[in-house]
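Got chain A; can you put chain B on it based on the hints?
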Amino acid sequence: MSPAIELRNISKQFGPVQANRNVSLKVESGTIHGIIGENGAGKSTLMSILYGFYQADSGTIQVQGQELKINSANDAIASGIGMVHQHFMLVDTFTVLENVVLGVESGWTLKASLDDARETLIQLEKEYHLEVDVDALIQDLPVGLLQRVEILKALYRKADILILDEPTGVLTPQEADDLFRILEELSKQGKTVILITHKLREIMAITSHVSVMRNGEMVAHLKTSETNREELAELMVGRKVLLRVDKTSSSPKHEILRIEHLNVKDQNEVSRVKDLSFSVHGGEILGIAGVSGNGQTELLETLTGIRSFQGGSIQFGAQKIQSGDKFDASLMRDLGVGHVPEDRQRMGLVTSFVAKENAILGYHRDKAYNSTFEMDETFMLEDCSSKMKDYDVRPANPELQSSLFSGGNQQKLVVMREMSRNPELLIVGQPTRGVDIGAIEFIHRRIIAMRDAGKAVLLVSVELDEILSLSDRILVMFSGEMMGEISADEADERRIGLLMAGIREKAA
Amino acid sequence: MNEKTVNLLLVTLITTVNLLLAFIISGFVIWSVGEDPWFALKTMLYGAFGYDEGIGYTLYYTTNFIFTGLAFAIAFHCRLFNIGAEGQAYIGGLGVGLICLWLEDLPFAVILPTAIAASALFGAVWGAIPGYLQAKRGSHVVITTIMFNFIASVLMVYLLVNILIKPGQMSPETREFGENGWLPQMHELFGWIGIQITPTPLNLSLFWAFISAFFVWRYIWHTRWGFEMRTVGANESAAIYAGINVDRNIIIAMSLAGALAGFVGINEIMGFNHRILLNFQFGYGFTGIAVSLIGRNHPFGILLASLLFGILYQGGAELAFETQTIDRHMVVLIQGLVILFAGALENLFRPQLQALVHSIFKSSSPVTAHG
Numbered sequence: 001m002s003p004a005i006e007l008r009n010i011s012k013q014f015g016p017v018q019a020n021r022n023v024s025l026k027v028e029s030g031t032i033h034g035i036i037g038e039n040g041a042g043k044s045t046l047m048s049i050l051y052g053f054y055q056a057d058s059g060t061i062q063v064q065g066q067e068l069k070i071n072s073a074n075d076a077i078a079s080g081i082g083m084v085h086q087h088f089m090l091v092d093t094f095t096v097l098e099n100v101v102l103g104v105e106s107g108w109t110l111k112a113s114l115d116d117a118r119e120t121l122i123q124l125e126k127e128y129h130l131e132v133d134v135d136a137l138i139q140d141l142p143v144g145l146l147q148r149v150e151i152l153k154a155l156y157r158k159a160d161i162l163i164l165d166e167p168t169g170v171l172t173p174q175e176a177d178d179l180f181r182i183l184e185e186l187s188k189q190g191k192t193v194i195l196i197t198h199k200l201r202e203i204m205a206i207t208s209h210v211s212v213m214r215n216g217e218m219v220a221h222l223k224t225s226e227t228n229r230e231e232l233a234e235l236m237v238g239r240k241v242l243l244r245v246d247k248t249s250s251s252p253k254h255e256i257l258r259i260e261h262l263n264v265k266d267q268n269e270v271s272r273v274k275d276l277s278f279s280v281h282g283g284e285i286l287g288i289a290g291v292s293g294n295g296q297t298e299l300l301e302t303l304t305g306i307r308s309f310q311g312g313s314i315q316f317g318a319q320k321i322q323s324g325d326k327f328d329a330s331l332m333r334d335l336g337v338g339h340v341p342e343d344r345q346r347m348g349l350v351t352s353f354v355a356k357e358n359a360i361l362g363y364h365r366d367k368a369y370n371s372t373f374e375m376d377e378t379f380m381l382e383d384c385s386s387k388m389k390d391y392d393v394r395p396a397n398p399e400l401q402s403s404l405f406s407g408g409n410q411q412k413l414v415v416m417r418e419m420s421r422n423p424e425l426l427i428v429g430q431p432t433r434g435v436d437i438g439a440i441e442f443i444h445r446r447i448i449a450m451r452d453a454g455k456a457v458l459l460v461s462v463e464l465d466e467i468l469s470l471s472d473r474i475l476v477m478f479s480g481e482m483m484g485e486i487s488a489d490e491a492d493e494r495r496i497g498l499l500m501a502g503i504r505e506k507a508a
Numbered sequence: 001m002n003e004k005t006v007n008l009l010l011v012t013l014i015t016t017v018n019l020l021l022a023f024i025i026s027g028f029v030i031w032s033v034g035e036d037p038w039f040a041l042k043t044m045l046y047g048a049f050g051y052d053e054g055i056g057y058t059l060y061y062t063t064n065f066i067f068t069g070l071a072f073a074i075a076f077h078c079r080l081f082n083i084g085a086e087g088q089a090y091i092g093g094l095g096v097g098l099i100c101l102w103l104e105d106l107p108f109a110v111i112l113p114t115a116i117a118a119s120a121l122f123g124a125v126w127g128a129i130p131g132y133l134q135a136k137r138g139s140h141v142v143i144t145t146i147m148f149n150f151i152a153s154v155l156m157v158y159l160l161v162n163i164l165i166k167p168g169q170m171s172p173e174t175r176e177f178g179e180n181g182w183l184p185q186m187h188e189l190f191g192w193i194g195i196q197i198t199p200t201p202l203n204l205s206l207f208w209a210f211i212s213a214f215f216v217w218r219y220i221w222h223t224r225w226g227f228e229m230r231t232v233g234a235n236e237s238a239a240i241y242a243g244i245n246v247d248r249n250i251i252i253a254m255s256l257a258g259a260l261a262g263f264v265g266i267n268e269i270m271g272f273n274h275r276i277l278l279n280f281q282f283g284y285g286f287t288g289i290a291v292s293l294i295g296r297n298h299p300f301g302i303l304l305a306s307l308l309f310g311i312l313y314q315g316g317a318e319l320a321f322e323t324q325t326i327d328r329h330m331v332v333l334i335q336g337l338v339i340l341f342a343g344a345l346e347n348l349f350r351p352q353l354q355a356l357v358h359s360i361f362k363s364s365s366p367v368t369a370h371g
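Chains A and B, in that order, are what the protein sequence lines are.
The letter at position 236 of the first sequence is residue 236 when you use the numbering used here, and the numbering goes up by one with no holes.
The letter at position 144 of the second sequence is residue 144 when you use the numbering used here, and the numbering goes up by one with no holes.
Chain A extracted, bound-state conformation:
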């Protein structure tokens, strides 16, 4: 039997960037095949070529043994390829049924095609154990179910090969397990699944084969049963990496930040943070876990002075801020709060600025950088240059435009700016989102070094692994509320996962 998909020598170049170089890939029918690689390794480009978003500069594509030209997503669908995107492509105000039918309506009237589709869809749901109420509105469904709808959409279009791009990014661990069960069911029924991810855990959990990409090239094809996490990580990065974070137990000191009954509403008056109270001490890392969008962003922005709050108080050292008090980001900085924001491109950096300008963003009024009228550019340059070496930002060129740095180095630039001021409290959001393993290692070590120097660290991350490996205490947020606090040695994925899904532990 010919393989479901066979790619031969695919190359793709974007301007000066070689995104794929002579990539070959063979995916056997009925298997779950993982493609792993760091951000920017070329996984997404490769899949976009397979799905017809881009055309390869050279190379061939064979689907079920037949050589094809795939020029558009329609071609891909026609040849039985379905894709579940990282960000769902669903119309919020339509029902499940309407979303599934959208674009493949049959018959003269919408009603006729919907009636037609209903039967087929319910049949599909039964066959693959993908139960969803077909008449529910998308906006009323939780994220885990939306993913099912996306899979149903692909199946309805008669996909035999299903590509999932980073499917667990928005799921709780339990929802991810559900998804894996579905994928196994699909493969049992003869469907081929391609799973794109940067999480080693997922590869080990469900794939039968795995291909590793690095710098646009395919570096290995392996049977999952014959490899391990360490080997995969090494292949992804190109050198040995430490997957575990080495740290001693914490020795908390005096309280640095205390939050009492904090309430935050967004611009639409929707309550985002509800009656939250906690404190952070010097010498500890407090991790806040939760599925993305459960109030963590608003909490971070409030604590760093970006967003105002509607109730409660924030006490930082001797300074107590009540709701209604005038405060902003520069006040919090003056008090000694460093902030590595969740989204470096949207908030942490001005990507059109050069590195030395971004290295002073937020501290640009500092006397050290200014003379009476003009800024002291010689000092800015020297200061940035030495810090870049210290924080291993590559290339260490203060005059380089920030958008030209890789994701990991952009993040190091932000981390460098905030940590080098030696703040009393460091607030970090998603420190390693879209960052390569090498940089993750570096950033984690720096965060722990800050803790060991007696500073307080508040860490928000949707990567549970990151929370578990760094935090000394863990708080879980769900829908703006605190679900519970767990100390690091009692924490495990299952317990936190339940809290993340909003299920409180029974008072025992």
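Among the hints, a few may not be true.
Derived pair list, reagent style DMTMM-like, types lysine to aspartate or glutamate, alpha-carbon separation capped at 20 angstroms [unchecked claim]:
no., chain 1, residue 1, chain 2, residue 2
1, B, 136, A, 266
2, B, 4, A, 399
3, B, 166, B, 179
4, A, 199, A, 178
5, A, 326, B, 247
6, A, 126, A, 116
7, A, 188, A, 178
8, B, 136, A, 328
9, A, 387, A, 376
10, A, 111, A, 133
11, A, 320, A, 424
12, A, 199, A, 493
13, B, 4, A, 377
14, A, 199, A, 177
15, B, 136, B, 236
Don't read these hints as lab results, they were simulated from the structure.
Source: prediction; values computed, not measured.
Below, chain B alone, put in the same frame as chain A:
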């Protein structure tokens, strides 16, 4: 070759190619109405540079464009589209005129700084109000600045017809103010050192325009205030994150823009007309937008682009005067083509030229992969 030089080269190349294209098409148009394009070009260049009077007029127009170009550019770096230089220049001129009328018995050394301050202040207020409305009320600055052009226009008509008009005359103008309030013109300056040149409206304001351009450059790229303004313009979220007051920066940027536009009043009212009159600023404010865009919103580029438009204005007038088939409208058409190609279609050939430059200087700058 470092990245900066390559970029500068690329920008220069793109602008040159676009200008050439505009001129080639203008040439076809001129040819199609039965005139010789070469002759037209020669006439324009001669009109702009061929004799001292032409040069004087060219530079006099250039002065206005520098001010209005800067007025657009400084707001643009805060991502504000200032369409209001026209009105700001008009009101700035009102300020200058009022000072010159009021203080005309005082020495020139007192009047000059006061008049400059007044032009800046009047213009700044006219820019600050739309700035305030944008920052605090969310009224889009494009809409409000256009409205403020109209308001300035009718306000000036009202003042000149009903209040400031010199009694006993029909035309809505103030009386001419005393010579203490006259900014020396170039031919006078040259006369003092014994060189005779033909009188033109060109006056000391040109130097003030150079000084303004220099300060705008230093302000935008070398001060903490310029840094804040650029941050607000490039990424508002990052500005809030950095503790920068976005509203205040918007208002400041619009005030500075208004002040720069207001300096047109120095050139026009103090330097040439010596009275307040209607529509002395006519068209300079709008052309300033094109000047700034062609000059890449950089003061040095604006100096060059202002000179280009000075040439088009003065050389164009000469051309219309010299030939029968080419009239004022044809000159406007040429200006329009320049704006179209160098301003609106500036990225038409960018990919090709970029590839060309990259292939010549085998990109020495590091490029990272995007996922």
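Item to complete: Report the numbers of all earlier hints that the structure fails to satisfy, in ascending order.
Response: none
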